[in-house]
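2 protein chains.
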Amino acid sequence: MRPIDALVNALPAGRVVTDPDVAASYARDRTFVEPGQPVGVVLAASRDDVVATLRWAGEHRVPVVPRGAGSGLAGAATATEGALVLSLARMTAIRELSPADEIAVVEPGVITADLDRAAREHGLMYAPDPSSYEISTIGGNLATNAGGLRCVKYGVTRDSALGLEVVLADGRVLHTGRRTMKGVTGYDLTGLFVGSEGTLGVITSATVRLRRAPAAPPATFAAEFGSLRAAGAAVSAIMAAGCQPSLMELLDRATLEAIDDWRHIGLEPGVNAMLIGQSDASDGQAAVERMERLCVQNGASFVAVSSSPQETEELIGVRRMAYEAKERLGACLVEDVCVPRSVLPEMIGAIEAAGARHDVRICTVAHAGDGNLHPVFIFEHGLAEPPASVWAAADEVFTRALELGGTLTGEHGVGLLKRRWLALEAGPVTREVQHGIKAVFDPLGILNPGKAI
Amino acid sequence: MRPIDALVNALPAGRVVTDPDVAASYARDRTFVEPGQPVGVVLAASRDDVVATLRWAGEHRVPVVPRGAGSGLAGAATATEGALVLSLARMTAIRELSPADEIAVVEPGVITADLDRAAREHGLMYAPDPSSYEISTIGGNLATNAGGLRCVKYGVTRDSALGLEVVLADGRVLHTGRRTMKGVTGYDLTGLFVGSEGTLGVITSATVRLRRAPAAPPATFAAEFGSLRAAGAAVSAIMAAGCQPSLMELLDRATLEAIDDWRHIGLEPGVNAMLIGQSDASDGQAAVERMERLCVQNGASFVAVSSSPQETEELIGVRRMAYEAKERLGACLVEDVCVPRSVLPEMIGAIEAAGARHDVRICTVAHAGDGNLHPVFIFEHGLAEPPASVWAAADEVFTRALELGGTLTGEHGVGLLKRRWLALEAGPVTREVQHGIKAVFDPLGILNPGKAI
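Line order of the protein sequences matches chains X and F.
Position 294 of the first sequence, counting from 1, maps to 293 under numbering that gives the first Met the number 0, and the rest follow consecutively.
Position 448 of the second sequence, counting from 1, maps to 447 under numbering that gives the first Met the number 0, and the rest follow consecutively.
What the hints contain is simulated information worked out from the structure, not anything from laboratory work.
All C-beta atoms in this analysis are idealised placements derived from N, C-alpha and C, irrespective of residue type, glycine included.
Some hints here could point you the wrong way.
[Claimed, not checked] Per the computed footprint, the stretches of chain X lying under chain F, defined by three or more beta-carbons under 8 Å from a beta-carbon of chain F, are:
(1) 140-150
(2) 153-164
(3) 188-197
(4) 238-250
(5) 333-346
(6) 417-428
Please build the complete structure, drawing on both the sequences and the hints.
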């Protein structure tokens, strides 16, 4: 009997996929990273399935790669050769939604936008909204501590995670955190699991915080600038004026051209940056008008303002198209540096210089209010690896981000993709401590080995 | 040579206090808990002092009890017999305050309110404001993950902590986190240290997030109710209506009487609860008027509304007097349960019942918007231990809080005081994991042993 047969026997019928072609379809995330061939895929439908899977994995020393929707951008869910893939995508129940306590208890396979929609029926919202929120899962968002467009106002996924149910590497079940808004009993295990990319345990349920949804639709502006630097200055002015945008996105010319080639948005020559901002405050229209004035004062050539939901959707729609538009241009190395907001223009300049020096096409969007930039390095489809020029340009971008007081990854995570740069940011003491923590939870090293730390 | 002499030699002159009477004055926090006699006190003035102290402690296997201002309410900074007390109160530099990036880099001994005042000079604020914020330190706030009055809107201390410099038990220096608003490189060590009560390392510097200070003074209301239950219903209505108060405090009759006895606030008969709320939003006056209406609809007998800073200070001043007023009544066992907001009235009922059943005077204030209650059990000054009736009443309160989906401690921490109840909330798997993490950072067990977990 092969080891995998013992797992088939331990789980209800239909849970284990061993057909290599089907298994391979669960091996990738949204990066170019070539996965290894997994030994199989478990389609978990319950916590008990996860417990049985991890017990089997420990007994047979088989690495386990947990995954949600596979929409990650760092290779954290990429299967490694001979690993078992553990998909949580079928655990889709919203077990509880309490309007009075403003919390929900959800399984990891719930699609992020579905939870938000369920909350809106009660006048609430689930705030974290990665660009992938229509396809990504809460479990994946928790595993990567996903950010998103609204996090400039509402924080990242960790800020909405109150408590977790986690299956540990040896099959024991750990409950972390709480149902209350505050709590300080013991160490913050919830925060530790969020962003740990499946290397410490497998999340099988989460208690998350909901928030009051804004009463009125948000007011929105889109401003065009002749230079990224001018747009960056407008961002600084808007944040310093206390406008508290609920969204503040920056797109460069290369990104706008990619979108225009695809969807014909009527991009004018001379527009080298677009800034899109939103306020969902009760005085949002006034806030957006203030932001509009600050854009004009900082050199915007054109500003459109809207408070109708349809026009707003058009303005925001440009931003939501950005990643797909780039995927049409070639394979993408998507980076995710985050810098202190005041050096955003300088960081943009460094990205442009790196692209020019290494002759690499780079399209950049930024969650500008957070100082979080996504330079996307385009290269030829079909290559197993980005060419040396792309790695060299990426090297420069990371090095400069760290010099400017920034970080390698604002919201996508380390996964496989950023491990080559990890030592630039995390010194030996940090890495030793991280591996010490990993060993507490996973002494056999079966949980997503080679990722995150 | 005594072991302590080696420490005296290793540090600059004047850093080590060995006089037993002076040392004893650094042995207590604000609880009644009787400390042991420390072997000495280090008055650290730099990170290097902390490094030398921990190296010495490791070599001689001497437990170290870090402390800030000693204003804690759970015994986390209480000296144990034979321990070395490590005071960070002299490390008071605000090393950097960047208005553009909305961050500050501070030493642990900075008084919380001093940082807030320094930030206000730039139109910013440091949001976390435990009631003790005029005497407590940032280091102590971080060690306990302190909450406060404003955290109903701005979150707890952890939500403002971006990065830390920590001296580990063996004297190595660890840097956690970042200067950026977002970041997901590796595990969340910053969050892990916050709230760990000095059991994992000693914080010697913190990068904290500042926020835009509201442009106008807050609008404030104070409402009187005939019953706590009615006041609790008003809280629920206010939160459900999305009023987003920046402060929402509830005081019971026993607390109001204690304040009235001391400061003669003109407490009327029949007033059994007071609710004080604030909005610092740009439309704060309108928000407070909405809150006022909801109080009246829920049975308030009187509501005062103010937007003048002086009147506001008078209304809030009542709340700020609460703890001192109770200390005049006797020794205090201050508890800190937190429950889902919807069961706040039920929890209040359980506290009243426990007090009546065991004939214990209990005064309760609550950060009502968070569901965080501070029942203060009064007993005779001079007793070494609270009488059995107090422990029995506290037992009931904790048990009921957990039954209602709550937690033992919302913001004060476990320290020594709540360890007797810890097993009620944290199961064996949680405790084993916590102790495993502790061992990674402190294999010799010299850092504040017997606290927190």
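Tested hints:
1. Judged by the Cβ-Cβ criterion of 8 Å, the region 140-150 of chain X is covered by chain F as claimed, because 4 of its residues qualify and three suffice.
2. Check result for the region 153-164 of chain X against chain F: holds, 4 residues qualifying (beta carbon to beta carbon below 8 Å, three or more required).
3. Look at the region 188-197 of chain X against chain F: 6 of its residues bring a Cβ nearer than 8 Å to a Cβ of that chain, three or more, so the hint holds.
4. A stretch counts as covered by a chain when three or more of its residues have a beta carbon under 8 Å from one of that chain; for the region 238-250 of chain X and chain F the count is 4, and the coverage holds.
5. Here the region 333-346 of chain X counts 5 residues with a CB under 8 Å from a CB of chain F, which clears the bar of 3, and the coverage holds.
6. Remark: the region 417-428 of chain X is confirmed as covered by chain F, as 6 of its residues place a Cβ nearer than 8 Å to a Cβ of that chain, reaching the required three.
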